[in-house]
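K.L.:
Here's the letter readout for the chains.
There are 2 protein chains.
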Amino acid sequence: MNQTIHLFDTTLRDGTQGEKVAFSAKDKLRIAQRLDAFGIDYIEGGWPGSNPKDMQFFELARDHTFDHAKVVAFGSTCRANNSPEEDHNIQMLIDAGTPAVSIFGKSWLLHVEEALKIDTMENIRMIHDSVRYLKEHDKEVIYDAEHFFDGYKANPEYALSTIKSAESAGADTLVLCDTNGGTFPNEIRKIVNEVKEHVDTPLGIHAHNDCELAVANTLAAVNSGCVHLQGTVNGYGERCGNANLCSIIPNLQLKQQYQCVPEEKVSELSSLSRFVSEVANLNPNHRQPYVGQSAFAHKGGIHVSAVMKNADTYEHVTPESVGNRRRVLVSDLSGKSNIRYKSDQLGIDLDKESEEIPAIVDKLKQMENEGYQFEAAEASLELLVQKMKKQWEDYFKLEGFRIIVEKNISGDSRTEATIRLTVNGQMEHCAAEGSGPVHALDKALRKAVHRFYPGIADMHLQDYKVRVLDHKDGTDAKVRVLIDSVKNDEPWTTVGVSRNIIDASWEALSDSFNYYLANQHEQTHNKKAI
Amino acid sequence: MNQTIHLFDTTLRDGTQGEKVAFSAKDKLRIAQRLDAFGIDYIEGGWPGSNPKDMQFFELARDHTFDHAKVVAFGSTCRANNSPEEDHNIQMLIDAGTPAVSIFGKSWLLHVEEALKIDTMENIRMIHDSVRYLKEHDKEVIYDAEHFFDGYKANPEYALSTIKSAESAGADTLVLCDTNGGTFPNEIRKIVNEVKEHVDTPLGIHAHNDCELAVANTLAAVNSGCVHLQGTVNGYGERCGNANLCSIIPNLQLKQQYQCVPEEKVSELSSLSRFVSEVANLNPNHRQPYVGQSAFAHKGGIHVSAVMKNADTYEHVTPESVGNRRRVLVSDLSGKSNIRYKSDQLGIDLDKESEEIPAIVDKLKQMENEGYQFEAAEASLELLVQKMKKQWEDYFKLEGFRIIVEKNISGDSRTEATIRLTVNGQMEHCAAEGSGPVHALDKALRKAVHRFYPGIADMHLQDYKVRVLDHKDGTDAKVRVLIDSVKNDEPWTTVGVSRNIIDASWEALSDSFNYYLANQHEQTHNKKAI
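Residue numbers (numbering that gives the first Met the number 0), protein chains in the order written: chain L, 0 to 529; chain X, 0 to 529.
Everything labelled a hint here was simulated from the structure, so no lab data went into it.
Pairs count within a copy or across copies, as identical chains cannot be separated in the list.
27 Å max Cα-Cα, derived DSS-like pairs, lysine-lysine:
| id | residue 1 | residue 2 |
| --- | --- | --- |
| 1 | K25 | K486 |
| 2 | K386 | K19 |
| 3 | K464 | K25 |
| 4 | K52 | K386 |
| 5 | K254 | K152 |
| 6 | K396 | K386 |
| 7 | K163 | K195 |
| 8 | K25 | K69 |
| 9 | K195 | K152 |
| 10 | K464 | K446 |
| 11 | K52 | K477 |
| 12 | K52 | K362 |
| 13 | K308 | K19 |
| 14 | K362 | K389 |
| 15 | K446 | K486 |
| 16 | K477 | K464 |
| 17 | K116 | K308 |
| 18 | K25 | K362 |
| 19 | K19 | K464 |
| 20 | K189 | K254 |
| 21 | K477 | K25 |
| 22 | K134 | K69 |
| 23 | K477 | K19 |
| 24 | K152 | K308 |
| 25 | K464 | K386 |
Please read all numbers here as calculations on a predicted model, not as lab measurements.
Start from the sequences and build out the full structure, keeping to the hints where you can.
P.N.:
So this is what it looks like as structure tokens:
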């Protein structure tokens with residue numbers, strides 16, 4: 000088959016209409032760059048004019064070159080009794096400066112008559128004039144027929160007349176939207192097939208997941224002839240979410256031989272999914288098809304033994320094809336083979352028959368059980384293994400620290416950290432202020448270490464993440480801190496876990512500094528620096 | 000149509016093969032009682048003999064009367080070169096003492112030849128003898144044709160011969176399983192239609208969600224003639240999970256007029272879903288169709304204004320029909336309608352035409368742009384609106400606090416907080432230790448407030464979340480803190496934002512205490528407590 004399907008990502012627009020999903024303008028740019036690299040064709044960035052953050056994104060996007068994707072600004076048709084020339088919303092769409100725009104109009108008489116309370120022909124006029132005006136301004140116009148399926152079921156002639164109006168005004172794509180997510184795949188097939196008889200413009204599909212059918216509806220539409228599909232990474236979106244690109248792309252490309260993204264990109268899907276959930280600071284759904292950490296996790300004993308003989312017995316695609324990995328969940332049945340599988344996967348440089356392997360894996364399991372997460376913190380993992388191999392001494396020895404946060408009636412807090420540490424028996428005692436306790440501690444540590452290792456000035460902390468591990472314990476809960484550090488674009492991540500956020504932060508900070516110094520001093524470090 | 004569909008729940012068996020899902024025998028009994036009351040026809044309780052917990056459940060279940068449901072024990076056919084009489088697994092199935100049993104056999108030559116490594120005719124014999132033996136022991140026999148669709152695609156004759164063997168031995172239902180979850184709805188339709196030509200026994204469907212198509216596949220099978228369907232509450236199950244009964248039941252019963260459970264039970268669906276996630280101790284998926292807390296949550300301003308006119312505009316069924324409720328989220332995507340709806344719901348006396356509304360909307364948008372998130376923090380939102388209406392005074396006045404975190408070479412940190420506050424001019428000065436800075440501050444604040452408002456002892460903090468807002472700023476980044484508090488199962492959430500995690504935490508803490516006190520003292524509080 001190999002038909003090409005155009006992918007339209009709306010994570011940054013419809014995705015943010017989902018509860019708990021919020022991105023800053025910079026977050027949006029990071030995600031857009033990632034989507035571009037992945038091979039997405041259209042990236043809908045937001046609704047310029049609806050809020051300052053979205054316009055700020057389009058300003059940032061204008062200063063950035065996208066290799067493949069077109070950035071798209073979203074908005075509605077002009078308002079009733081208004082021309083596009085005088086419509087603020089339409090003008091903002093043009094101001095956004097994107098090569099393509101998507102505008103939505105009404106297809107359902109219920110909305111025309113009850114929500115907008117306007118004349119049915121005026122609605123047709125608004126669609127036509129808005130599309131025409133945007134085409135005159137050299138935009139690629141993607142027309143979103145909102146509630147198309149509900150509208151078609153209620154009054155097929157009227158629904159068709161709205162998209163014909165967009166077509167006659169020059170729309171480049173007509174997107175049939177199941178806005179309320181209540182339509183079933185058999186209805187999608189029937190309606191798309193009927194619509195095809197009436198318009199020549201390429202058709203698209205925009206599905207919501209309110210019946211848990213968004214992926215099936217999108218496949219039904221594509222199988223019926225839609226060549227453009229809209230969705231979001233991880234299915235984020237209003238109410239129950241949008242059609243999930245992380246399921247649709249492999250379904251179409253790996254299993255139905257459509258062409259969605261470049262062949263080699265499909266294996267980056269799991270990483271894309273995790274990146275977006277990370278930026279959104281939402282826990283990834285471990286059960287998510289294809290990309291979730293449980294998607295290829297085998298727990299039942301019979302399954303594990305069959306998979307070890309032939310993975311096809313319980314896996315419909317290979318985990319590698321979507322950049323995921325097979326996991327064998329720990330149970331009474333998993334013995335040495337499980338341990339070898341895991342240490343291979345971690346890339347630990349140990350003899351396969353080494354007696355250290357079981358001890359290391361036990362320690363890892365115990366620490367992961369306590370809340371550490373080494374998958375995301377390979378620098379801490381490397382230090383841990385070095386320590387267990389007794390080939391490690393820290394570059395500095397902490398004697399103590401003290402942090403004071405003081406708030407007076409007059410305003411914000413003042414935070415000061417003092418630290419005492421020794422290197423080769425020489426003591427350094429420093430103090431620093433910071434905007435919070437961890438910032439102050441980082442600055443004091445940096446000052447103290449600098450005397451012995453001036454190269455420390457070249458590395459800095461890039462990201463600091465905190466996750467509360469035990470819910471239901473309020474402020475007494477255990478927390479995990481992840482710190483991303485960087486030198487010249489080379490990042491590494493470290494982890495700390497404690498009931499005390501300061502202790503967890505110290506653990507991750509100290510690992511980060513040590514890891515950096517070890518890599519700086521690889522040749523000269525004699526394993527006895529202290 | 001109104002055809003009756005038999006529901007077979009496997010939450011307690013296949014559900015527990017999902018990662019992170021585990022139930023005690025008593026948990027299983029509680030869930031089984033709930034499923035029975037809800038109107039489920041078959042409750043698969045586990046695999047007796049595979050572990051002691053499952054057999055214990057069947058013992059508990061025998062002492063309990065189920066009004067409607069039949070409890071089902073699960074197992075495999077007898078082993079190769081073994082008779083059912085001598086097969087331990089089959090004997091345990093009988094010992095479980097359930098009215099019905101489900102047994103699985105192989106349909107796919109790959110499994111027969113590569114996993115079991117047995118003769119293809121021996122597999123047919125095992126199926127036949129096992130079903131016959133269980134029928135002779137007066138069991139209702141549900142035959143699960145494992146990997147039926149994969150097997151049929153590879154070799155239709157062989158796959159058919161396995162279920163014909165079960166049929167000829169007297170199986171009551173033949174369940175076609177998509178065990179690996181890799182089959183598409185069009186394949187399901189085609190294969191079910193072909194199978195119908197060859198067997199007379201009622202057909203069932205068992206789908207997995209590896210392509211995010213389990214619900215669609217189940218509907219396709221039912222629409223093609225299957226009258227028995229298997230699934231789990233919330234879609235728990237091996238890898239990506241099983242077909243989700245919480246979506247399938249309303250899809251079939253509310254939207255396709257099948258009869259699944261008694262009419263009046265559908266509205267207990269949301270409560271069933273939450274009960275099961277509570278017993279499993281898993282966070283509910285807020286985006287879950289029909290039953291999730293976001294399923295009828297409206298965030299976009301246009302959606303809210305339309306829903307207020309006619310809920311059909313953005314809801315495909317009513318929230319009440321599945322026992323859920325409508326929610327309006329307030330965020331930077333909101334317009335005036337969101338604020339009006341929300342203030343109505345919160346019981347804030349805000350005139351519909353009030354001039355205060357635009358100022359409140361502006362303030363909210365500005366604060367959300369700074370990183371506040373009010374959709375999850377309705378208590379802080381309510382305080383903000385009260386403050387903007389100048390109808391608010393805090394219950395206590397902070398004079399200052401100091402937090403000291405001290406770490407010595409010997410081990411973990413020691414954290415102490417001191418706080419000074421006044422109520423009606425009376426000063427209180429308290430100190431407390433905690434396992435971290437926020438815990439210590441919470442304890443000190445609690446001590447200080449207690450003297451004036453002893454009722455504070457009845458509320459406690461339940462969850463504490465931290466999110467770093469500006470990436471790339473490392474430990475100098477802005478953070479948002481969300482605190483969930485609770486009194487007698489009534490929760491509320493507050494928010495704080497600052498570069499200093501202590502200031503952000505203080506803001507959320509102080510809002511939480513004030514919100515609680517306002518609701519405690521609603522009658523007596525004279526708006527000038529201080």
